[in-house]
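Protein chains in written order, with full-length UniProt numbering: chain A, 1 to 145; chain B, 1 to 145.
Please note that a few of the clues may not be correct.
Same chains, same label: a pair holds when it works inside one copy or across any pair of copies.
[Said to hold, decoys possible] List of simulated lysine-lysine pairs, BS3-like, C-alpha gap at most 30 Å:
1) 93 to 142
2) 121 to 138
3) 138 to 68
4) 68 to 144
5) 68 to 142
6) 20 to 144
7) 121 to 144
8) 20 to 142
9) 121 to 142
10) 93 to 110
11) 121 to 110
12) 68 to 93
13) 110 to 96
14) 144 to 93
15) 93 to 105
16) 138 to 20
17) 105 to 142
18) 110 to 68
19) 105 to 121
Calculated directly from the structure, the hints in this document are not laboratory data.
2 protein chains.
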Amino acid sequence: MTDEQYMRLAIREAEIAFEKDEVPIGAILVLNNTIIARSHNQVELLNDSTAHAEILSLTTAFNALGSKYLPDATLYVTVEPCLMCSGALYWSKIGKLVFGAPDEKNSYRKYTGDVNPFHPKTIVIGGVLQDECALLMKTFFKNKR
Amino acid sequence: MTDEQYMRLAIREAEIAFEKDEVPIGAILVLNNTIIARSHNQVELLNDSTAHAEILSLTTAFNALGSKYLPDATLYVTVEPCLMCSGALYWSKIGKLVFGAPDEKNSYRKYTGDVNPFHPKTIVIGGVLQDECALLMKTFFKNKR
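Produce the complete structure using the sequences and hints provided.
Rendered as structure tokens:
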């Protein structure tokens with residue numbers, strides 16, 4: 001499967017979040033062409049402001065694989081990670097990060113500027129199905145106003 | 001109880017981590033003079049590279065209090081938080097963060113420079129029982145070599 005195809009599955013997760021009135025961000029974690037974890041934001045459900053899609057997929061993968069590092073895995077997430085999730089991805093030594101829409105408000109870049117917060121070996125690709133990923137977020141926050 | 005007294009309890013948690021061959025960092029989360037959570041690094045036990053003391057105390061507190069924000073709570077942690085934990089503390093809107101030893105290698109400051117990653121209302125105090133907190137870390141990593 002291609003990055004776009006995996007991102008479509010992450011978008012489906014984001015849509016589930018949207019339907020549950022959670023911030024519509026979804027993630028898929030893939031290892032050797034196998035989906036190890038699917039997740040969406042569950043901040044409201046879990047009453048946990050750190051229950052972001054990325055964190056939930058990472059912890060599921062650590063448990064499922066019995067490994068605390070994921071150098072051969074790829075995380076697909078519909079929105080650019082925040083500072084916390086970037087730090088978690090650093091610790092995971094994730095092999096590849098693919099995100100959809102940039103996030104001007106909460107992106108790690110707002111804090112780190114030109115400093116790369118990820119593991120030096122992590123490949124980072126942004127902008128995959130960016131418009132669809134961004135539209136979900138825009139619609140969600142427009143409805144909240 | 002004073003900040004130093006709470007930090008002593010966090011150091012006790014770090015010592016438990018040390019005994020279990022985990023990176024010796026401990027945390028205590030306090031609300032209204034009541035200890036809501038005690039934790040230490042459990043990266044090895046949980047096979048989870050994100051199982052830092054701060055994260056474990058935060059998630060325990062979210063669960064215990066049924067609240068996703070902790071504006072009136074104080075987190076005591078023996079070592080300066082990493083980027084991930086700083087981001088988690090941001091989302092938690094923690095009222096006050098008290099840390100012991102600075103961490104040149106993994107501190108959030110390495111990435112954020114002069115940008116404050118915490119919630120604007122979070123009070124940050126560093127250096128409480130700094131030498132004791134640092135000694136545990138130094139001894140741990142010296143033994144590893």
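Evaluation of the provided hints:
Taking identical chains as interchangeable, the C-alpha atoms of residue 93 and residue 142 lie at most 30 Å apart only when they sit on different chains, with a minimum of 24 Å there against 35 Å within one chain. Within a single copy, residue 121 and residue 138 get their C-alpha atoms only as close as 32 Å, which misses the 30 Å cut-off; across copies the closest is 27 Å, which meets it. Taking the closest pair of Cα atoms, residue 138 and residue 68 come within 30 Å of each other only across two copies (23 Å); inside a single copy the shortest separation is 34 Å, beyond that limit. In this assembly of identical chains, residue 68 and residue 144 lie within 30 Å of each other by CA distance solely across copies; the values are 19 Å between and 37 Å within a copy.
With identical chains, the CA atoms of residue 68 and residue 142 are at most 30 Å apart between copies only, with a shortest distance of 23 Å across copies and 38 Å within one. Taking the closest pair of Cα atoms, residue 20 and residue 144 come within 30 Å of each other only inside a single copy of the chain (13 Å); across copies the shortest separation is 47 Å, beyond that limit. When the C-alpha separation of residue 121 and residue 144 is checked against a cutoff of 30 Å, the pair qualifies only between copies, where the shortest distance is 24 Å, while the shortest distance within a copy is 39 Å. Taking CA atoms no more than 30 Å apart as the test, residue 20 paired with residue 142 passes inside one copy only; the shortest distance there is 16 Å, against 49 Å between copies.
Within a single copy, residue 121 and residue 142 get their C-alpha atoms only as close as 38 Å, which misses the 30 Å cut-off; across copies the closest is 27 Å, which meets it. In this homomeric assembly, residue 93 and residue 110 come within 30 Å of each other (Cα to Cα) both inside a single copy, at 22 Å, and across copies, at 18 Å. Proximity of residue 121 to residue 110 under the C-alpha cut-off of 30 Å is found in both arrangements, the shortest distances being 22 Å within a copy and 18 Å between copies. Taking CA atoms no more than 30 Å apart as the test, residue 68 paired with residue 93 passes in both settings, with 9 Å inside one copy and 28 Å between copies.
Proximity of residue 110 to residue 96 under the C-alpha cut-off of 30 Å is found in both arrangements, the shortest distances being 21 Å within a copy and 22 Å between copies. In this assembly of identical chains, the alpha carbons of residue 144 and residue 93 lie at most 30 Å apart only when taken from different copies (21 Å versus 36 Å within one copy). In this assembly of identical chains, the alpha carbons of residue 93 and residue 105 lie at most 30 Å apart whether taken from the same copy (25 Å) or from different copies (16 Å). Taking CA atoms no more than 30 Å apart as the test, residue 138 paired with residue 20 passes inside one copy only; the shortest distance there is 16 Å, against 47 Å between copies.
For the identical chains of this complex, residue 105 and residue 142 are intra-copy neighbours only, at 15 Å inside a copy versus 41 Å across copies, given an alpha-carbon limit of 30 Å. Taking the closest pair of Cα atoms, residue 110 and residue 68 come within 30 Å of each other both inside a single copy (28 Å) and across two copies (23 Å). Taking the shortest alpha-carbon separations for residue 105 and residue 121, both the intra-copy value of 26 Å and the inter-copy value of 18 Å come in at or below 30 Å.
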